[in-house]
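**Student:** From first to last, the protein sequence lines stand for chains A and B. Here the first sequence is numbered in my numbering, starting from 1 and rising by one per residue. Here the second sequence is numbered in my numbering, starting from 1 and rising by one per residue.
Any given hint could be a false lead.
Straight-line alpha carbon distances no greater than 20 Å define the calculated DMTMM-like cross-link-like pairs of lysine to aspartate or glutamate that follow [to be verified]:
id : chain 1 : residue 1 : chain 2 : residue 2
1  : A       : K108      : B       : E442
2  : B       : K352      : B       : D392
3  : B       : K107      : B       : E229
4  : A       : K212      : A       : D242
5  : A       : K116      : B       : E27
6  : B       : K470      : B       : E443
7  : B       : K425      : A       : E150
8  : A       : K112      : B       : E443
9  : B       : K425      : A       : E144
10 : B       : K425      : B       : D383
11 : B       : K380      : B       : D392
12 : A       : K108      : A       : E57
13 : A       : K129      : A       : E150
14 : A       : K108      : B       : D245
15 : B       : K198      : B       : D177
16 : B       : K454      : A       : E150
17 : B       : K141      : B       : D23
18 : B       : K454      : A       : E237
19 : B       : K111      : B       : D228
20 : B       : K346      : B       : E229
21 : A       : K14       : A       : E74
DEER-style ranges, computed between Cβ atoms [to be verified]:
id : chain 1 : residue 1 : chain 2 : residue 2 : range
22 : B       : Q63       : A       : A52       : 32 to 40 Å
23 : A       : L123      : B       : T357      : 46 to 54 Å
24 : B       : R280      : A       : T193      : 38 to 46 Å
25 : A       : K5        : B       : R280      : 46 to 54 Å
26 : B       : T414      : A       : A86       : 52 to 60 Å
27 : B       : T422      : A       : G12       : 56 to 64 Å
28 : B       : K470      : A       : E163      : 25 to 33 Å
29 : B       : K31       : A       : K112      : 54 to 62 Å
Don't read these hints as lab results, they were simulated from the structure. None of these values were measured; they are calculated from a predicted model. Glycine included, C-beta positions come from ideal geometry on N, C-alpha and C.
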Amino acid sequence: MLAIKNLHARVGEKEILKGIDLTIADGEIHAIMGTNGAGKSTLSNVIVGNPAYEVTEGSITFNGQDLLAMSTEERAHAGIFMSFQAPIEIPGVSMTNFMRAAVNARRKALGKEPLKSTDFLKLMREKRKLVEIDQRLMNRSVNEGFSGGERKRNEIFQMAMLEPTFCILDETDSGLDVDALRIVAEGFNRLRTAETSALVITHYQRLLDYIKPDVVHVLIDGRIVMTDGPELALKIENEGFDWIKNMQ
Amino acid sequence: MGEKNSFVKSVVKKKYEFGFTTDVHTEIIEKGLNEDVVRLISQKKGEPEWLLNFRLEAYRYWQTQQQPSWAHVTLPPIDYQAISYYADPTAKAKNSENKEIDPELMKTFDKLGIPLEERLALSGTAVDAVMDSVSVKTTFKEKLSEKGIIFCSISEAVREHPDLVRKYLGSVVPYRDNYFAALNSAVFSDGSFVYIPKNTRCPMELSTYFRINAMNTGQFERTLIVCDEGSYVSYLEGCTAPMRDENQLHAAIVEIVVMDNAEVKYSTVQNWYPGDSEGRGGVLNLVTKRGHLRGVNSKLSWTQVETGSAITWKYPSCVLSGDNSQAEFYSVAVTNNHQEADTGTKMIHIGKNTKSTIISKGISAGRSQNSYRGLVKVSKNADGARNYSSCDSLLLGSNCGAHTFPYMDIQNNTATVEHEATTSKINEDQLLYCNQRGISTEEAVGLIVNGYAKDVLNKLPMEFAVEAQKLLSVSLEGTVG
Numbered sequence: 001m002l003a004i005k006n007l008h009a010r011v012g013e014k015e016i017l018k019g020i021d022l023t024i025a026d027g028e029i030h031a032i033m034g035t036n037g038a039g040k041s042t043l044s045n046v047i048v049g050n051p052a053y054e055v056t057e058g059s060i061t062f063n064g065q066d067l068l069a070m071s072t073e074e075r076a077h078a079g080i081f082m083s084f085q086a087p088i089e090i091p092g093v094s095m096t097n098f099m100r101a102a103v104n105a106r107r108k109a110l111g112k113e114p115l116k117s118t119d120f121l122k123l124m125r126e127k128r129k130l131v132e133i134d135q136r137l138m139n140r141s142v143n144e145g146f147s148g149g150e151r152k153r154n155e156i157f158q159m160a161m162l163e164p165t166f167c168i169l170d171e172t173d174s175g176l177d178v179d180a181l182r183i184v185a186e187g188f189n190r191l192r193t194a195e196t197s198a199l200v201i202t203h204y205q206r207l208l209d210y211i212k213p214d215v216v217h218v219l220i221d222g223r224i225v226m227t228d229g230p231e232l233a234l235k236i237e238n239e240g241f242d243w244i245k246n247m248q
Numbered sequence: 001m002g003e004k005n006s007f008v009k010s011v012v013k014k015k016y017e018f019g020f021t022t023d024v025h026t027e028i029i030e031k032g033l034n035e036d037v038v039r040l041i042s043q044k045k046g047e048p049e050w051l052l053n054f055r056l057e058a059y060r061y062w063q064t065q066q067q068p069s070w071a072h073v074t075l076p077p078i079d080y081q082a083i084s085y086y087a088d089p090t091a092k093a094k095n096s097e098n099k100e101i102d103p104e105l106m107k108t109f110d111k112l113g114i115p116l117e118e119r120l121a122l123s124g125t126a127v128d129a130v131m132d133s134v135s136v137k138t139t140f141k142e143k144l145s146e147k148g149i150i151f152c153s154i155s156e157a158v159r160e161h162p163d164l165v166r167k168y169l170g171s172v173v174p175y176r177d178n179y180f181a182a183l184n185s186a187v188f189s190d191g192s193f194v195y196i197p198k199n200t201r202c203p204m205e206l207s208t209y210f211r212i213n214a215m216n217t218g219q220f221e222r223t224l225i226v227c228d229e230g231s232y233v234s235y236l237e238g239c240t241a242p243m244r245d246e247n248q249l250h251a252a253i254v255e256i257v258v259m260d261n262a263e264v265k266y267s268t269v270q271n272w273y274p275g276d277s278e279g280r281g282g283v284l285n286l287v288t289k290r291g292h293l294r295g296v297n298s299k300l301s302w303t304q305v306e307t308g309s310a311i312t313w314k315y316p317s318c319v320l321s322g323d324n325s326q327a328e329f330y331s332v333a334v335t336n337n338h339q340e341a342d343t344g345t346k347m348i349h350i351g352k353n354t355k356s357t358i359i360s361k362g363i364s365a366g367r368s369q370n371s372y373r374g375l376v377k378v379s380k381n382a383d384g385a386r387n388y389s390s391c392d393s394l395l396l397g398s399n400c401g402a403h404t405f406p407y408m409d410i411q412n413n414t415a416t417v418e419h420e421a422t423t424s425k426i427n428e429d430q431l432l433y434c435n436q437r438g439i440s441t442e443e444a445v446g447l448i449v450n451g452y453a454k455d456v457l458n459k460l461p462m463e464f465a466v467e468a469q470k471l472l473s474v475s476l477e478g479t480v481g
């Protein structure tokens with residue numbers, strides 16, 4: 001379970017999150033919708049521990065652990081995964097080597113031996129099939145020369161490899177056509193277990209057609225101003241955010 | 001990976017694990033430099049008169065010269081009278097009945113991962129092990145000689161193959177070349193000699209492992225490689241030294257001659273003691289390396305991974321005389337703490353349709369300074385010459401410096417010369433991405449840097465490359481975050 005209490009965070013001098021309260025139980029999917037600059041990406045970056053963001057007040061616990069006291073990689077080892085909005089290229093580092101480093105780092109943190117090469121490659125093969133990603137991409141450098149769709153699919157592939165219990169999908173739908181969106185979302189759904197919880201950040205309803213949220217939150221100006229069931233996303237899709245702003 | 005790569009493993013290991021010293025009886029001549037010292041070195045080696053004269057001429061020339069100051073390094077003043085120019089850790093055996101190598105020396109090279117007993121030796125690699133001024137042992141000499149290949153210390157070559165040595169010594173790097181070349185020519189001690197006869201593919205990697213041990217001595221390595229028509233050899237060089245608070249001087253010359261249709265690959269993994277984190281001690285690595293592509297269609301490639309030394313001053317160069325000759329220079333130079341490196345290459349195009357490639361990757365961390373300095377020269381008659389240069393610098397942190405000094409001298413208008421240069425900082429978003437996947441910052445830097453240097457590492461012999469990758473990561477531990 002992820003529990004966020006009265007979270008304030010800033011970048012430089014600018015306060016962006018102004019008191020977020022949010023609890024996501026195991027197995028639940030929460031969607032966060034909101035206008036540009038509302039703080040959606042800040043929230044996800046603070047959860048994963050991006051050092052560019054400073055938490056000034058509040059707390060985040062994950063399965064009882066104080067997340068804010070943990071390094072970015074420790075949070076990852078604890079089972080937190082973010083599908084990045086704009087996955088970055090790492091020239092000269094093959095996907096295979098990158099994944100090997102990631103998988104073995106997590107195993108080490110859990111007190112396990114590194115995977116043998118053959119077992120690792122077998123795991124790669126299985127997970128690749130699961131998310132329908134091309135083998136050729138695995139020999140390339142991380143995200144280098146990948147199309148927008150390939151990058152997003154590659155994020156889901158990494159999620160498959162690392163088997164997180166809490167996932168953040170940060171605008172996974174941006175830059176995807178309908179087919180790519182469906183494949184990525186179906187990949188995510190296939191990977192979900194009864195315990196997997198997720199925070200889905202999006203501007204649009206269409207991703208939520210595939211990944212059905214239990215709860216939808218609206219984030220405006222650093223605060224969650226409305227929380228409701230999946231029908232809230234539909235209403236926003238039709239009517240926009242103005243009616244919510246006008247209620248403030 | 002097997003035992004093959006232990007040669008490089010030895011240069012690599014974690015942190016600086018080679019800082020130990022060997023307690024062995026070493027005959028060291030008195031400190032100081034004058035004509036008598038030059039004569040003494042020559043006499044100790046039992047050299048013929050022509051070589052003594054070569055040394056004396058070099059010494060006299062050196063005396064007329066000033067230490068150069070153009071490099072972008074702060075070379076501390078060197079007191080040439082405070083250094084001993086000859087240290088022989090094998091002297092005891094020579095003087096006693098028992099001609100066996102001192103077990104301490106064998107142990108030292110074992111500890112460095114270079115077993116000198118052939119039954120234990122690295123498969124596929126013959127080694128010449130040099131400590132201080134003397135070659136301790138060369139392995140697989142007999143096996144190679146069956147193919148007519150000569151691989152021995154240069155001192156032995158002077159005795160056994162004087163005509164070959166006389167013909168080529170100083171023919172690529174004359175003693176007048178530069179200040180340190182003159183010094184080396186006067187006092188050089190040991191290094192390796194390689195001769196590959198015509199139409200012979202050397203069946204194993206040849207390598208020399210240089211070790212400085214004795215205090216207050218300089219090491220003046222001299223290596224000469226001649227690859228005759230239609231032949232091929234791949235040569236590896238590794239080096240380490242103990243941790244000492246004083247600087248140690250290593251002024252070397254490497255000369256390579258490549259004949260018609262011959263090919264030489266020369267790879268270096270340089271891990272001399274870099275000094276401590278405060279900048280105390282470390283090796284002053286002042287080296288002249290040059291290859292002469294004398295024959296048509298000859299090929300030479302220099303690949304270097306430079307991670308050690310307090311100061312590096314080194315420009316492995318190529319003179320492309322033969323028509324259609326091809327030269328390559330691939331370099332990764334890493335500097336950390338207070339290290340300073342000024343390194344690069346010179347490509348001198350003389351023959352027609354000659355081609356050279358320069359790929360240089362500098363990585364600076366800590367308070368270090370890392371410079372690329374390169375010259376591409378196309379002579380008047382070098383029709384159709386082509387050069388491609390790419391010089392990239394990567395900065396880790398904000399207290400280090402990266403500099404590029406490319407020089408071009410083009411005298412033939414049919415030449416095609418391209419130069420690209422980039423400077424970048426390690427990207428915070430890349431680090432975040434790795435961290436989010438559970439990879440620690442230290443490991444992430446290793447991955448990113450190795451990715452950055454991949455084009456060069458790929459040029460190393462495979463076993464060498466794996467270990468060089470580790471060396472890069474280890475050299476940069478603790479530089480970010």
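**Student:** For every hint, state whether the structure bears it out.
**Tutor:** Do the hints match the structure? See the list:
1. Our distance criterion of 20 Å between C-alpha atoms is met by K108/A and E442/B, whose separation comes to about 15 Å.
2. A distance of roughly 29 Å separates the Cα atoms of K352/B and D392/B; the hinted pair therefore is violated under the 20 Å criterion.
3. A hinted pair counts as satisfied when its Cα atoms are at most 20 Å apart, and K107/B with E229/B does not qualify at roughly 39 Å.
4. A C-alpha spacing of about 24 Å is found between K212/A and D242/A, which places the hinted pair above 20 Å, so the restraint is violated.
5. A threshold of 20 Å between alpha carbons decides the hint, and for K116/A with E27/B the separation of about 51 Å lies outside it, so the pair is violated.
6. As the CA atoms of K470/B and E443/B are separated by approximately 10 Å, the hinted pair is consistent with the 20 Å bound.
7. The hinted pair formed by K425/B and E150/A fails the criterion: a straight-line CA distance of about 27 Å is larger than 20 Å.
8. At roughly 18 Å between alpha-carbon atoms, K112/A and E443/B fall within 20 Å of each other, so this suggested pair holds.
9. With a C-alpha separation of about 18 Å, the suggested pair K425/B and E144/A falls inside the 20 Å cut-off, and the hint holds.
10. Annotation: proposed proximity of K425/B to D383/B is violated, straight-line Cα distance about 39 Å (limit 20 Å).
11. Between K380/B and D392/B, the direct Cα distance comes to roughly 30 Å. Violation of the 20 Å bound is thereby established for this hinted pair.
12. For the proposed pair K108/A and E57/A, the alpha carbon gap of about 32 Å is over 20 Å, so the pair is violated.
13. Annotation: proposed proximity of K129/A to E150/A holds, straight-line Cα distance about 14 Å (limit 20 Å).
14. A C-alpha spacing of about 38 Å is found between K108/A and D245/B, which places the hinted pair above 20 Å, so the restraint is violated.
15. Distance hint between K198/B and D177/B is unfulfilled; the C-alpha atoms sit about 29 Å from each other, more than 20 Å.
16. Proximity of K454/B to E150/A is assessed by CA-CA distance (about 24 Å); at most 20 Å being required, the pair is judged violated.
17. Taking the CA atoms of K141/B and D23/B, the gap is near 28 Å; set against the 20 Å cutoff, the hint is violated.
18. A C-alpha spacing of about 48 Å is found between K454/B and E237/A, which places the hinted pair above 20 Å, so the restraint is violated.
19. The suggested pairing of K111/B with D228/B is violated, with an alpha-carbon distance near 35 Å, which exceeds 20 Å.
20. For the hint linking K346/B to E229/B, the alpha-carbon distance of about 24 Å lies beyond 20 Å, and the restraint is violated.
21. About 27 Å separates the Cα atoms of K14/A and E74/A, which puts this hinted pair outside 20 Å; it is violated.
22. As the Cβ distance of Q63/B to A52/A is approximately 59 Å, the hint placing it in 32 to 40 Å is violated.
23. The given range of 46 to 54 Å is broken by L123/A and T357/B, whose C-beta atoms sit roughly 39 Å from each other.
24. Between R280/B and T193/A the Cβ separation comes to about 56 Å, which falls outside the hinted range of 38 to 46 Å.
25. Between K5/A and R280/B the beta carbon distance is about 51 Å. The supplied range of 46 to 54 Å therefore holds.
26. Here the CB-CB span from T414/B to A86/A is close to 46 Å, at odds with the stated 52 to 60 Å.
27. The given range of 56 to 64 Å is broken by T422/B and G12/A, whose C-beta atoms sit roughly 28 Å from each other.
28. Hint check: K470/B to E163/A, Cβ distance near 29 Å, so the stated range 25 to 33 Å holds.
29. Against the hinted window of 54 to 62 Å, the Cβ-Cβ separation of K31/B and K112/A comes to about 57 Å, which satisfies the hint.
Checked against the numbered hints given earlier, this structure breaks hints 2, 3, 4, 5, 7, 10, 11, 12, 14, 15, 16, 17, 18, 19, 20, 21, 22, 23, 24, 26, 27; the rest are met.
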